[in-house]
Each structure stands twice: as C-alpha cells, then as structure tokens.
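Protein chains: 2
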Amino acid sequence: MKKLKVGIIGFGTVGTGVFKVLQNYKEITVKKIAVKNLNKKRNIENFDEKLLTNNAFEIANDPEIDVIIEVAGGVNPTFDILKTAINNGKHIVTANKELLAKKGSELFQIAKEKNVVILYEAAVAGGIPIIMPVKTILCANKISKIAAILNGTTNYILTKMHEQNLSYETALKQAQELGYAETDPTGDVEGFDAAYKISILSTISFNKKVSIDKIYREGITKITAQDIKSAAELGYRIKLIAMGQVLENGKIDVRVHPMLVAKKHLLAKVNNATNSIMLTGYPVGDLILTGPGAGSEPTASSVVGDLLVLASELEYSNAPLPQSICHHDEIADQIEIGETFNEYYISINASNNPGAIGIIGTICGKNNINISTIMQKGVKDDNTAEIVVITEKSKESDVQNALKELLQSDSIKNIDNLLRVMN
Amino acid sequence: MKKLKVGIIGFGTVGTGVFKVLQNYKEITVKKIAVKNLNKKRNIENFDEKLLTNNAFEIANDPEIDVIIEVAGGVNPTFDILKTAINNGKHIVTANKELLAKKGSELFQIAKEKNVVILYEAAVAGGIPIIMPVKTILCANKISKIAAILNGTTNYILTKMHEQNLSYETALKQAQELGYAETDPTGDVEGFDAAYKISILSTISFNKKVSIDKIYREGITKITAQDIKSAAELGYRIKLIAMGQVLENGKIDVRVHPMLVAKKHLLAKVNNATNSIMLTGYPVGDLILTGPGAGSEPTASSVVGDLLVLASELEYSNAPLPQSICHHDEIADQIEIGETFNEYYISINASNNPGAIGIIGTICGKNNINISTIMQKGVKDDNTAEIVVITEKSKESDVQNALKELLQSDSIKNIDNLLRVMN
Chain Z
1 MKKLKVGIIG
11 FGTVGTGVFK
21 VLQNYKEITV
31 KKIAVKNLNK
41 KRNIENFDEK
51 LLTNNAFEIA
61 NDPEIDVIIE
71 VAGGVNPTFD
81 ILKTAINNGK
91 HIVTANKELL
101 AKKGSELFQI
111 AKEKNVVILY
121 EAAVAGGIPI
131 IMPVKTILCA
141 NKISKIAAIL
151 NGTTNYILTK
161 MHEQNLSYET
171 ALKQAQELGY
181 AETDPTGDVE
191 GFDAAYKISI
201 LSTISFNKKV
211 SIDKIYREGI
221 TKITAQDIKS
231 AAELGYRIKL
241 IAMGQVLENG
251 KIDVRVHPML
261 VAKKHLLAKV
271 NNATNSIMLT
281 GYPVGDLILT
291 GPGAGSEPTA
301 SSVVGDLLVL
311 ASELEYSNAP
321 LPQSICHHDE
331 IADQIEIGET
341 FNEYYISINA
351 SNNPGAIGII
361 GTICGKNNIN
371 ISTIMQKGVK
381 DDNTAEIVVI
391 TEKSKESDVQ
401 NALKELLQSD
411 SIKNIDNLLR
421 VMN
Chain U
1 MKKLKVGIIG
11 FGTVGTGVFK
21 VLQNYKEITV
31 KKIAVKNLNK
41 KRNIENFDEK
51 LLTNNAFEIA
61 NDPEIDVIIE
71 VAGGVNPTFD
81 ILKTAINNGK
91 HIVTANKELL
101 AKKGSELFQI
111 AKEKNVVILY
121 EAAVAGGIPI
131 IMPVKTILCA
141 NKISKIAAIL
151 NGTTNYILTK
161 MHEQNLSYET
171 ALKQAQELGY
181 AETDPTGDVE
191 GFDAAYKISI
201 LSTISFNKKV
211 SIDKIYREGI
221 TKITAQDIKS
231 AAELGYRIKL
241 IAMGQVLENG
251 KIDVRVHPML
261 VAKKHLLAKV
271 NNATNSIMLT
281 GYPVGDLILT
291 GPGAGSEPTA
301 SSVVGDLLVL
311 ASELEYSNAP
321 LPQSICHHDE
331 IADQIEIGET
341 FNEYYISINA
351 SNNPGAIGII
361 GTICGKNNIN
371 ISTIMQKGVK
381 DDNTAEIVVI
391 TEKSKESDVQ
401 NALKELLQSD
411 SIKNIDNLLR
421 VMN
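From first to last, the protein sequence lines are chains Z and U.
Each residue of the first sequence is one higher than the one before, counting from 1 in our numbering.
Each residue of the second sequence is one higher than the one before, counting from 1 in our numbering.
One chain only, chain Z, in its complex shape (with noise of 0.2 Å):
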C-alpha cells in the first residue's frame, strides 16, 4: 500500500467516522481537515486540533496532500474547493451525491484530463458495495434494470406507517425524534436524495449519462395510512423505489416514485432504514445487495475502503483502474414518465351510487386500460366510498387521460392516490 497524505473536508458525524477508521492504517495520513467551526468540540480521543482549518482550500492548494475525502455535502463551495483540488492533482474520494449528479461530468472530464481519479463508493446506499462491483466485477454484464431502495429515511416512515398504521405526518415526526429525518425533511421525503443516487447507478450501470434533470421524482408525502391498508389488503407493501431501465428501444427510463411492491419480491421485506438495490444484467441475472445506506460507519466503510484500493493501486501504477473499466461519455435518451408503462394502484373518492364503478370501467376502457382488481372500501359518512383500482400495464399518459376524465364525471369526487405497482 502506498503511504498517502490526506486531507478531510467536513468533519461532521460522517468525518469523524471515516477519521477513526483511519487511525488503524499507519499508511494513511491526515493531515488537514476543513470544517467550518473551528471552536465546537470534537468527540474524538487523542485528537490533535492544529489539524482543523476553517478554509477548505487551504487542503485543495496544499501540495503534500495527495487524497482528498470529502464529506461535507452540496455543491457551493464543494465543487470549487474539489475543482482546485483535481486541478491540483489530487485524488477524490467523495460521499456527495447531489454534486455528482449535479456536476459530476464536469469533475470526471477534469479528472481524467489530469490523469486523477474521482471514488464514490459512499455517495450510493452507504455501505453497500455496488459502485465498484458494478465497474470491476460485474462489468462483463450488460445491466439492463435497477429498481432500489435508496433513500433510509423514506424507508423508515413508510415502515411505521405501516406496522403501527401511523399517518405520514406521526411517523415523520417519529423519525425526526429519532434522528432518521431532519429538522427539514424535503432532500429525503420528496425524493431528491434517491433521485441523485439512481442518476449516478444508472449512469454506470447502463455506460450511458443520465441526466439528474430529466428524472421524473414523485416522494412520498402524499401516501396515506389508508394506502398503506388497502396496499396491505391487495398483497402489497408501498416502499420509495428508484428504478432505471433500458428498453427494447435503446432509451432509457429513470425515475423515483412510491411503488406498491408485492409483499413476496425480496424488496417488499426490506424495513426500517435499511437500502436494497436489485440489479438484472446479462449474464448475471437478478442480484439483490441489500444493508446500511447510511450513517457514520456503514459510510466510513465505503469511503476506507476507496481509499485503500486506491492506495494499492498507486504504489504500482499511476494509472489506477476500478474507475476506468466502464466508461460513460454516451448520453442517455431519457423517456418522460407519461411515455412509461406500469400497472397502476389508483384511489378513487366516489359518490356512494350504483353508477361509480361502471364510470370507472368505462372510462378505463376507452383510455385503453385493462382493470385486474377493483375494491370499494365502505362507505363514508358524506355518503362517498373509496374505491380501489389495480390496473394490468398501461401506458402513464393514458391514465393521466383517463384520470382527468373521471374528475369531469359528477360521480367521481376525487382521485386521492395514484401509485405504481412492482409485481
């Protein structure tokens, strides 16, 4: 292994995670670490404070150090500070998911032109390996889906939600008291977290850029207790999946929605703050990883170990490689959600009349939607009834089509929920 100099840029709970570990390879030095308060008092035995800076690109411009860790998270400053850090020569080991779906190609374009490499290991579902087994091991695989579990948060409250039939707002409460979500919840529960997550595995996965822009993302703010129990009823759990495909047409279909998700696909079983990521490639066929997608450790492993790969690789080449296997330069031809196909889980609120469900399967049917299940769930005390679609696979403007056309029926009061299905 060769001996690297390293500076760590953020030294939250993420930082320090990743600077104990450090402390068993006598290989590895750090050497600066740029947080911005220099004053708050570190958690951490033996710590040496001369080794704090407030200015980030004190590390960048330092030319003694060789690996930059970052762990602060979001664009401004991060990607100036990264920027003069490639620019310098550095090697980057990051866990920022937003700057590199946001501005990853620029930094990967300046890497190689310097001849330096960018891991990101933890900026995907923590601790679980799948970054460099998707580029080394798995790269004889033609990757044609991805649907995962990539946000904890989400996971958590929609866990609770369903075991202890709490509405979204308690158990996002819950999950604030305890740490799962924070003070302002919108990264995770709308779904922006796993949107940059999916951009990056998609974007190995299939060689091809996907764009963060052209994401359709839907979160889950809008999931009721009741859907939980109707999903129930039907066989389903509803879970945040963000999925990637490559159709038969060479585009490329990416998204982040809730998904009713069949109670016996091994996905459907992982709870509480857990990620999973189920993986179809030729020759492979379905993998399914599945662990921590977050906190200090779990990301403490995936940063270390992207380091000390990268130290072995230099003490015999400056060429170093597990990034380079599987290039991505191609951009990827992303549909519009409106041109996907699904079956869909749709909540109808329904004046309580023999005709409702008869609109219904008109309206369906003239939109080209064929109906697998239909439920009507009582009836209320304002005299409506719930009533509950499952449809066989449509196509999403379709539905939208035919969504609109049930509002303009005097039967149909609202539409309340419309969901997607993974069987």
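These are calculated hints, taken from the structure and not from any lab test.
Note that identical chains are pooled: a pair holds if it fits in a single copy or bridges any two copies.
Straight-line Cα separation of at most 20 Å, DMTMM-like style, residue types lysine to aspartate or glutamate; simulated pairs:
| no. | residue 1 | residue 2 |
| --- | --- | --- |
| 1 | Lys-142 | Glu-27 |
| 2 | Lys-264 | Glu-163 |
| 3 | Lys-145 | Glu-339 |
| 4 | Lys-208 | Glu-330 |
| 5 | Lys-269 | Asp-286 |
| 6 | Lys-263 | Glu-163 |
| 7 | Lys-31 | Asp-48 |
| 8 | Lys-222 | Glu-163 |
Start from chain Z and add chain U according to the hints.
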C-alpha cells in the same frame, strides 16, 4: 484493456457459457479449449473445432497463452494442470471451489513466487459479487461473521419440502429430474460443496487460512417433512447454512449444517436455487447479498468479470492488485463443534406417558440447558408422542451429553433430530 490470449479448461455448461460471453471482447482471444471428448457435439454457432484439445497440459505449457480459465472442476488432474500453468507464469481464473478448498494454499504460494494471480469470484456463490468486494471495497472492515446459503441444490430441495409438504426423498427426486441435483447428489446434499465455499470465503473474510478438514459438516438428508412442519409452526424455515464467525477469544468457528432460521430473517426468505450471503463487519454493519449461485450464465459473469479486471490491470502494471489487498498467511485456530454455543431444536420420540416431559426438563436442566419452548405433537399409533424442544443458547457438548442421557431413559424412544437455530 490489455490484449490477452486465453486457454479454457473444461467445456461443459459453464465453459460454453464463458466462451459465448468472451465473443463480445475483441481484446480477448480464446486460443485453446481442453475437453475430455473431442467428438462430442458442441451447441455453439460458428465454432472452430480446431480450438479443441484433449490434452490440458498443452494449454498449461503453451507459451502464447496468458491466462487459464479453469471450469473443469475436481482436484485430479486439475491441480497438476494449474500448477504447471502457474509455474509457466500464467494467471488463473477458476470456478473450482473443491480445488481451492483442498489445495488453495499450495497454489497461492506458487502463484506468489511466480508473480501471477489466481482469481476465483465464480468459486463462491456463482454470480454474486463477494470475493472481489471483500478484497477491495470492503477491505477496511473487520469481518466478524458470515451466515450464508451457498448451495442452490439443497436450498431448492428444502424450499420444495416446505412449499409442497414433500419428503426429502421426493423433493430430491424432483430436483434431479429438473437438473438441479446430480445423479449422485452427495457433494450437495451432504454439505461438501457448501463447506468448500465457506472455507474459501471465511479465509478471505477473517484473513486467516481456514482449513476445510476442520469444518464441521452436516447435510440435509436427515431432515423430515415433520421437521419442516414443526419448524414452520414455531415460526422458522429450515435452511442449509454455511457459517463462519470470529469468537471473542480470537478463535474461529466455521461450519455447515441445516438450521431453523426465523421466518423474519432475510435468509429465511431466500428460496429455490438462490444463494445469499449475510456478512457482518465493522464498520459496515450487516450486508446481505443475494443472487444466482450456480448455472452457466451467472458463473460466466464472474469468470469473465475476473478476466476483464485482470486485463485492465495488466494494461498498466505487471503487479495486478485486487487479489492482494488482503493476505491470509496466518492459520485460523478453528474450534470443534462441541465447543460451539447455539440455540437448538430437538425432536424427541417419547412414550406417551405423563413423565416424559418432566424427564426431558430434568435432564436438560442438569446439563445447563434452558428450554425456551416445548411442544407435544399429538400421539402416534404406536402410543408414542413427538415432542419438540427449542433451547436457549447452550454449549453443544452439553446438548450432546443431555441427548445421551435422554436415550438411557425408558420414556425416550429416540432422538429424531437435532438442529441448530438462528434467530
């Protein structure tokens, strides 16, 4: 990627699968293929029969061949062939778990002297990426425990016994008819195959040479339909589990035997011929990797993956690295089964008299065994009763002593089965 000339040894299902996938890579030339029978009809398009030889040493001694892909299996004559090839400076990619378990140390030693590598992703869990991840991206971890389903044949048989209430014999016969089990199923059903794999996996995970000769091994041939049923009633599935763990005193506990796995455990949900590996490490926590453990295509994924990684590494350096990040020169101090601690399922055939349960309780107590569940399963025609006991964590030698004592009692007719339990 470096251009490589390859020789393939073994051209059955796996060898053919590998050959087909290699057609996609212009950098890889298959120069020769060693087979047993030159005249066998091969089901491959545009296949040049001149590639075939029935003398594998021709490949091992061919100065133009850079890498040997060995998918023939067995120890003789494969060991001599690979030894010759390594001595001739060739790299090896192999799927041969038996050879590595029995003769791996010797081959690795010669490979080290000759500065060549032996890659063997396909030897453990077929298409699931586990060997390279443990050696690379997970190498910052101290792995303390592995619990895995590593044999597809036995998992298929146990799944069918559970789902269709079949006897072991009937399920085996079905598996043989479908090609999941061989005519002589000993290697699978007696746990040899799983033992080879766990010896390899625990060696690289614990960084100590685990000896196949010291692995306790027990197959599934004694599992009855009644065991499966009792286990299900108690909330368990029976699985053939290959496990390894590092104990607090640094000793290593590696074994293969059927276990009652709690229904909620993700390993209990892995059915049919699928394999799954649960790995516990610090700092990563628990990972579960699930996928196809055998078959032509998944095995080809791992074999060709190893080869492509090697080709990429060799382009820049003559010291290829992924295999060398973790060493295992130290010998593991393996404990015997009698020294292990487990929860147990004991199925007892007792006289139908009121004293039997009392005797079981007394003898267990005397031997330091706490019973957590005891269940009598009705009375049979011969006026005996089937009693099922689940114990708290107990020492195996204590349990074995208790069973001997039980058999000396007039009330106890037989110990029908003793299985260990994983919660």
